[in-house]
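Number of protein chains: 2
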Amino acid sequence: MKKAAIGIDIGGTNTVMGVVGEDGEVFARNSIQTVTGPDYRKYMNTLCEAVDQTLASLSKPVDIQGIGIGAPNGNYYNGTIEFAPNLHFEGVVPVVEFMKSRYNYPVIALTNDANAAAMGEMIYGGARGMKNFIMITLGTGVGSGIVVNGGMVYGHDGFAGEIGHTIVDPQGRECGCGRRGCLETYASAPGIKRTVFELLALRNEPSVLRNISYDKLSAKDIDEAARNGDPVAAEAFEYTGEILGLKLADAVAHTSPEAIFLFGGLANAGSLIFDPVKEYMEEYMLNIFKNKVKILPSKLPAGDAAVLGASALVWQEKKKL
Amino acid sequence: MKKAAIGIDIGGTNTVMGVVGEDGEVFARNSIQTVTGPDYRKYMNTLCEAVDQTLASLSKPVDIQGIGIGAPNGNYYNGTIEFAPNLHFEGVVPVVEFMKSRYNYPVIALTNDANAAAMGEMIYGGARGMKNFIMITLGTGVGSGIVVNGGMVYGHDGFAGEIGHTIVDPQGRECGCGRRGCLETYASAPGIKRTVFELLALRNEPSVLRNISYDKLSAKDIDEAARNGDPVAAEAFEYTGEILGLKLADAVAHTSPEAIFLFGGLANAGSLIFDPVKEYMEEYMLNIFKNKVKILPSKLPAGDAAVLGASALVWQEKKKL
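Those sequence lines, one after another, are chains A and B. Counting along the first sequence from 1, when you hit position 247 you're at 247 in our numbering, and nothing is skipped either side. Counting along the second sequence from 1, when you hit position 243 you're at 243 in our numbering, and nothing is skipped either side.
Among the hints, a few may not be true.
[Claimed, not checked] Computed cross-link-like contacts, DSSO-like style, restricted to lysine-lysine with a CA-CA straight-line distance of at most 30 Å:
#: 1; chain 1: A; residue 1: Lys131; chain 2: A; residue 2: Lys319
#: 2; chain 1: A; residue 1: Lys318; chain 2: B; residue 2: Lys131
#: 3; chain 1: B; residue 1: Lys131; chain 2: A; residue 2: Lys294
#: 4; chain 1: A; residue 1: Lys100; chain 2: B; residue 2: Lys131
#: 5; chain 1: A; residue 1: Lys319; chain 2: B; residue 2: Lys318
#: 6; chain 1: A; residue 1: Lys131; chain 2: B; residue 2: Lys100
#: 7; chain 1: B; residue 1: Lys292; chain 2: A; residue 2: Lys131
In case anyone wonders, no lab produced these hints; they're calculated from the structure.
From just these sequences and the hints, can you work out the full model?
Written out as structure tokens, the structure is:
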């Protein structure tokens with residue numbers, strides 16, 4: 001019987017789950033809407049029912065080793081979701097405790113979604129064999145997971161790895177976190193849109209993006225415009241890459257990783273974003289680090305990445321047992 | 001017979017060494033001038049003779065467990081000093097290899113001076129029992145040592161922990177590293193002097209510091225002036241604390257330490273520097289980290305700190321044997 005892990009990714013809109021083999025094969029998939037209210041029990045019961053359905057849908061029996069959960073503001077030490085801005089729970093949700101009352105697997109663990117992505121990359125993806133690397137998730141926000149000496153960096157409180165909230169400019173753009181100028185306000189999908197609007201105000205060049213309102217403009221529109229030679233869209237990617245490269249140079253000065261993986265919507269823009277990130281990271285990096293740190297696309301399949309990442313936590317935890 | 005470790009700190013001007021017990025007691029001390037030229041062998045021979053003299057000077061025999069060495073640009077993995085700007089060696093100096101040809105102790109290891117300071121704090125000082133903390137050394141430059149899960153962060157190449165070379169302003173002050181706007185150009189002894197000169201140009205307020213040339217002005221002058229109520233000196237400390245607080249907030253977002261220790265010349269200014277660092281670090285920190293991270297003075301005795309730090313490397317390495 002093959003060994004497998006249940007991976008669950010709790011997102012703001014949907015919760016996806018899957019049963020994953022040690023080699024990353026996904027044996028079963030499922031998803032539910034993330035409907036959250038003040039009482040977490042209702043959501044957790046629905047989630048556990050969906051897990052049971054997923055297990056029941058398996059075509060062959062597997063030997064389940066545990067449950068790994070990725071969630072925004074997930075705290076590894078406490079097994080809780082704490083004050084996640086996009087989930088409407090009241091206070092702290094004891095996810096792992098709840099799951100342990102329903103399931104009896106050797107490992108039931110939770111971490112934040114970007115840490116889960118890092119572990120997915122380490123167990124199944126491009127970071128196999130790497131002991132020191134950083135995963136950056138470029139989506140609606142900017143998340144990060146830092147691996148040092150082959151282990152996740154959780155910090156003293158379980159919240160380490162918030163590179164998206166390092167500060168580019170203390171007087172800069174308003175961030176959802178209540179501060180100003182976080183990397184996330186530049187290097188996320190909304191961030192590149194803000195850059196486009198700054199450039200439309202600054203420049204006189206014609207641009208197809210002048211026809212689209214702020215509310216309607218998407219990162220995909222900017223990507224398409226840049227590929228069609230739109231100068232404002234191209235400059236927006238260049239600027240986004242410069243800011244991200246600058247803060248990744250800072251990240252290298254902290255933990256000196258072998259590679260930095262970029263994952264998520266903006267990373268799919270390929271060389272439009274990778275080229276300026278590499279160029280400016282090298283420019284802004286201390287000489288002892290130059291030409292050593294690889295900037296790589298994630299090797300996890302986009303559709304299953306979140307589930308793979310969450311399930312990877314199980315294999316990582318099993319090493320500690 | 002008491003167990004002891006030899007600690008050696010190679011500085012730009014002097015090399016200090018000592019024989020240190022497990023509890024931090026220093027049984028013997030010695031120092032030589034750091035006279036370096038293209039051929040490292042001459043210096044290394046002098047160093048080993050001084051070590052032999054130090055051992056010969058012990059009043060009671062001890063059981064030497066190893067040699068720990070702290071040096072600028074010291075590489076833990078390779079046991080080498082690589083391209084240290086203030087030492088006039090040619091190329092890479094194989095310090096550990098050389099020492100191993102002369103001594104037969106179980107541990108002979110080298111790391112950079114700020115990492116050694118962090119280990120000294122962990123083994124003998126205020127970080128005893130802490131698993132996640134950062135040491136910041138504020139001297140002629142700004143060094144740092146990062147501890148995660150009870151171990152030093154060396155990164156993939158042995159050079160991790162260069163928070164002094166994270167960038168405050170890419171168009172800012174010229175740094176000795178060849179780039180611009182590194183934290184070191186603000187939060188070091190020369191950094192606060194540069195801030196004073198900016199403020200003297202910006203403000204019209206009278207200040208005793210207007211009587212001192214750039215070449216003659218020392219951090220000690222600024223400290224004294226601030227204590228005597230000089231407004232420019234006071235503002236220079238405030239600004240230095242703000243910039244350091246900003247970059248420490250970034251550092252917390254990476255590794256989420258329990259405490260950050262400040263060590264060295266500027267840290268001796270006490271509340272003049274600690275108060276603004278604490279205030280601005282809290283202001284610039286992501287909400288999940290607020291009011292959790294202690295900013296503490298080093299508890300190592302200033303005179304022996306470098307030797308204690310270097311010797312601590314021996315005890316830390318012995319845990320791995």
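Could you tell me which of the numbered hints above are not met by this structure, giving the numbers in increasing order?
-> No hint contradicted; all consistent.
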